[in-house]
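Undergrad: Now for the letters of each chain:
4 protein chains.
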Amino acid sequence: MIIVMKAGAGKKDRDDVVKRIKELGYKPHIIHGTTRDVIGAIGDERGKLVLQSLENMHGVENVVPILQPYKLASSEVKREPSRVRVGDSVLIGGSQVVMMAGPCAVENETQIIETAKMVKEAGAVILRGGAFKPRTSPYSFQGLEEEGLKLLAKARELTGLPFVTEVINPESVDLVADYADMLQIGARNSQNFALLKKVGQCGKPVLLKRGMAMTIQEFLMSAEYIMSEGNQGVVLCERGIRTFETATRNTLDLAAVPVLKTKTHLPVVIDPSHSTGNYHYVAAMCYAAVAAGADGLIVEVHPDPEHASSDGPQSLKPKKFEAMMQKLRLFAEADGRTL
Amino acid sequence: MIIVMKAGAGKKDRDDVVKRIKELGYKPHIIHGTTRDVIGAIGDERGKLVLQSLENMHGVENVVPILQPYKLASSEVKREPSRVRVGDSVLIGGSQVVMMAGPCAVENETQIIETAKMVKEAGAVILRGGAFKPRTSPYSFQGLEEEGLKLLAKARELTGLPFVTEVINPESVDLVADYADMLQIGARNSQNFALLKKVGQCGKPVLLKRGMAMTIQEFLMSAEYIMSEGNQGVVLCERGIRTFETATRNTLDLAAVPVLKTKTHLPVVIDPSHSTGNYHYVAAMCYAAVAAGADGLIVEVHPDPEHASSDGPQSLKPKKFEAMMQKLRLFAEADGRTL
Amino acid sequence: MIIVMKAGAGKKDRDDVVKRIKELGYKPHIIHGTTRDVIGAIGDERGKLVLQSLENMHGVENVVPILQPYKLASSEVKREPSRVRVGDSVLIGGSQVVMMAGPCAVENETQIIETAKMVKEAGAVILRGGAFKPRTSPYSFQGLEEEGLKLLAKARELTGLPFVTEVINPESVDLVADYADMLQIGARNSQNFALLKKVGQCGKPVLLKRGMAMTIQEFLMSAEYIMSEGNQGVVLCERGIRTFETATRNTLDLAAVPVLKTKTHLPVVIDPSHSTGNYHYVAAMCYAAVAAGADGLIVEVHPDPEHASSDGPQSLKPKKFEAMMQKLRLFAEADGRTL
Amino acid sequence: MIIVMKAGAGKKDRDDVVKRIKELGYKPHIIHGTTRDVIGAIGDERGKLVLQSLENMHGVENVVPILQPYKLASSEVKREPSRVRVGDSVLIGGSQVVMMAGPCAVENETQIIETAKMVKEAGAVILRGGAFKPRTSPYSFQGLEEEGLKLLAKARELTGLPFVTEVINPESVDLVADYADMLQIGARNSQNFALLKKVGQCGKPVLLKRGMAMTIQEFLMSAEYIMSEGNQGVVLCERGIRTFETATRNTLDLAAVPVLKTKTHLPVVIDPSHSTGNYHYVAAMCYAAVAAGADGLIVEVHPDPEHASSDGPQSLKPKKFEAMMQKLRLFAEADGRTL
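Protein chains in written order, with the working numbering: chain A, 1 to 339; chain B, 1 to 339; chain C, 1 to 339; chain D, 1 to 339.
Hint data in this document are derived by calculation from the structure and do not stem from the laboratory.
Note that CB positions come from ideal geometry on N, CA and C, so glycine has one too.
Treat the hints with care, as some may be off.
The calculated lysine-lysine pairs, modelled on DSSO-like cross-linking and capped at a C-alpha distance of 30 Å, are [unchecked claim]:
(1) C:LYS11 / A:LYS263
(2) B:LYS204 / B:LYS117
(3) D:LYS263 / A:LYS263
(4) D:LYS6 / C:LYS327
(5) B:LYS197 / A:LYS204
Incomplete in silico selection of chain A near chain B, CB under 10 Å [said to hold, decoys possible]:
(6) LEU54
(7) ASN62
(8) VAL64
(9) LEU67
(10) SER95
(11) GLN96
(12) PRO134
(13) PRO138
(14) ASN169
(15) SER190
(16) LEU196
(17) PRO303
For reference, chain A alone in the conformation it holds in the complex (with noise of 0.2 Å):
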């Protein structure tokens, strides 16, 4: 940390400052510029986060943080890529660009065991599909719950795709890890705490989505939650921020793939249905993920996005889908990977 003075502070003001680093544990060391001191504060910048409240001593202009508060997710501490194995088939991290594809909602046994064959044969190799919905409106469609889950590992059986679903309550942590073989935790559940600290606990990986008003660095410290209660199984879900623009439902921040890269060691995908809002956007952003060296990608397919109970207008046809993954192939093996 580093404690800026202000251009008029006294001695007192900097020996009062001097003297709260202390007790704190920390080593001050001042530097006397031209026109004010700035104070640093020596030590573990980790734990300093209580220095923070030094900006209400008299005579402090502001306090600046100079390293990132994360330990378990930093590329620091591990400088190797992780891995995270999902069900006994599929590795996120590797050479191989893990798709991930369904409905938003798991609707019927029909729907879910369709598309489950579908997007198998086009080359996904993870299920998705909500059981558990967060829905905005409480007059919406939440969600088959518990039948939900059964229908979905249903799916796997006969197709031997292991499933990525929504657990939105830590009540319900357990009931869904017992099913699913990765649990994922929405964008309106970022820093859900509670949520994160269970999920932390289960012992199957998660897929972590990034908040919509969410900085990098507030993603990473979510991931730690998970991690500091024993899981390193965390994928990160770059899912759109939001911004002033409506053209598409929310901002895809591609630039995070490589921020990201750079200060975790984390696998990254991309979810392109969520973050456009819109089908005829979903295949350039696929693309585009794969190039900038994203380990996966979550899709929405649905076998009739007019009639689907939720999110139809970002859902993929299964023709669409199929075509989306040929040419995504071409761009996986541009980057030397598999898809």
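Starting from the known structure of chain A, fit chains B, C and D onto it as the hints suggest.
TA: Just chains B, C and D, lined up with the frame of chain A:
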């Protein structure tokens, strides 16, 4: 809903859309324009989210909603302003501007009791203080939990002030409701629908904070979640939204006050502490909030901010709080209200 | 500037940075931390932008500025608040809240003269009205140009109100300055540096609007452009920033008032019309602005908003403006000021 | 336009709106809904902005536009993609991905000529370099002006590369057009309408950058300004929008590529340097842009970024640029294009 057809859409496209509108229980009405047709779907707009799926049909350009999707929270449904009772003595939404004040987190008995006495003396009528703290970092102080609730109850006993405190997990709603006079839903849990449903069943009034990337419409949908479970005692709290500006921690959207007063009958309070993140700016935003018509304020006050366990930089010292209250009273009176 | 070295940076990296700091005329000062070194560069921060290029050097993590890069606009350089004179009679920045009012665009003689008389009657002291209109669409009304300036001058003659009007092209600065008492730089031109320089040379006071995506710091840098050309008569105008929220046209950042009052000596006024885009919300934001400490307001008033050539939805009718002024006076008095 | 009436609006309100619609030259069409009426105004949507003023009429809830207000830029008006010729040799918008590269600012003869040779060698086909620099600070280097244009012309002579350079003042458009092969409008001038009109008359192709807070629709309206003056040679450049995220300088909105490809026939290029502000992230964003379907890229390359007069942190060194170009070629080929 208005379904806008593409410029080149043919009769078959239009017929398909008309058919689908009827299937969904609405009455279609076609307007033939000079470059394209638009089709109105007549019926109760609030169940019409499902019509969005028509965006996926051939020949459809886009689907434009006409009405808002909330009912119970809407000022169309209930025109007179609601008043929410907290404890025996306080009414939010009437001619008294309600001041809620106290520390960010309950730290120990002396701190909370001293603060409670002081804020009461200065004119606050509700005590605030966190026992369960949602912290960005798993390594930060997470609150005293039930011990904190007990200390808040003790402070209430000594001062007569009812208290509001945050709940962060559906599991602990009953526990918190046993102690507290009002439950707070924090910004990060503003779309934690499992938690919203649970507090909707708890029988205590709720202070619902707006999420950092939440539109006014979504804010009212979250209120609707609580109300649709039977709890009409919802108070809305604007606490700053996330924007590109970094001079303040968040951007206080004060125009939300008149906007909400137009769209809903629920009371509206302002949190100047979290929105600015800097105690220097708190007083000005309190004055502005009252002048804008807010029904109340929730302000962080700490006897010793430099030693606070969280949010020191935005906490007012008791003397500053007192001085602020005196001037605030003048603005309340200018608005024909009391403080 | 603080140069933060990477965790693994070696002695050579550090020596190179130290050498480069000296080359640029600053004095390096090394702090050896527990996980990494940081290097302070001592000297006048305000010429130090060039130090940012050190981010490209081997072993450098990032470069953290300590000070703000503006001088003339800074409250560190000039502590007492500035007052800006407009015409013979008006002083912005003193104990009188200054109301500027009038139509978005000058449309014809009757319209501007009627409006001028009416707003004067209600208490406005400066007339506003656009002769050169920056319109998003090339097909929209672009203003009456010099004819509009003449009509504004005529309105001034009849009412005694000085007027402010926008200038959108360096070429027409002299023309506008010949007629107007104050020149307005609109939000879209807030970083049109050629225009800023030119108005810096014109000898008339300037109303500088904040850009829609402009930070407070950039806002002050734009003021610095005008001031560095010799014109100290700059009044800052917050008019809403662009965010994800669509319930209002822009988000009025009212906390900018206390923030600017801390950082600069220049007067600050608020534009509630463009920020909300809706006349329903204008009065509440006027009251709030005065309570927050703004030195003035600029409000759109139109005798017949339904027939206005631009910005009808946000214009107040004369009767509403009068009623608003009466209540506004009470808030000004509560703040110890006049209106 | 769709005019939505309030729930309680009466017959008189409706009649007044109908009358006003007719006065403005449109044909009204009423739909009686279950809770309210909506009125369609039939006629050419693109002149209808004036209908927005109906929002101020009694009984009107809001006015919803149906169409986009641009014509010349619209893919509805011209369906086949446009190609823009730069110099004699380069065509933007065809099957070749066009690389524009060079330093942020022209600093001296050696720098620009060395860089030009090197980027040509690596595969760039247009040279970029700033002679007039729009800088946030009046104290920063503002460019070599005409001297810089001469050096760029010299570099063109030696390498055969046409060049693009920024113009920041309507007054100097003719001067810049005398030297340059393509004129750039920077992000800060993207709604400087006086400048847009002037470059619309200059006869040279224009690289139009998107503003930091500009919607896609406004972006196309700015293109429309240039085109409506007779210049059809407009290339759109996405260069990052401003959001809350600070890990990158701006947020690259790569979904703008497929969105623009849907809405307009104009070519689209991506600027990964200004959008990320960090050379580490430039290559990944180049790959992603090509995969997303961008017609070209504009990249900052500097032989000695640590000593650059501006934007050092985001400039690639020649070796990195070469390596990037080799991999980029693979992505272009995967997309069936050349580089």
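Undergrad: Going back to the hint list, which numbers does this structure go against?
TA: 3, 8, 9, 10, 11 and 17
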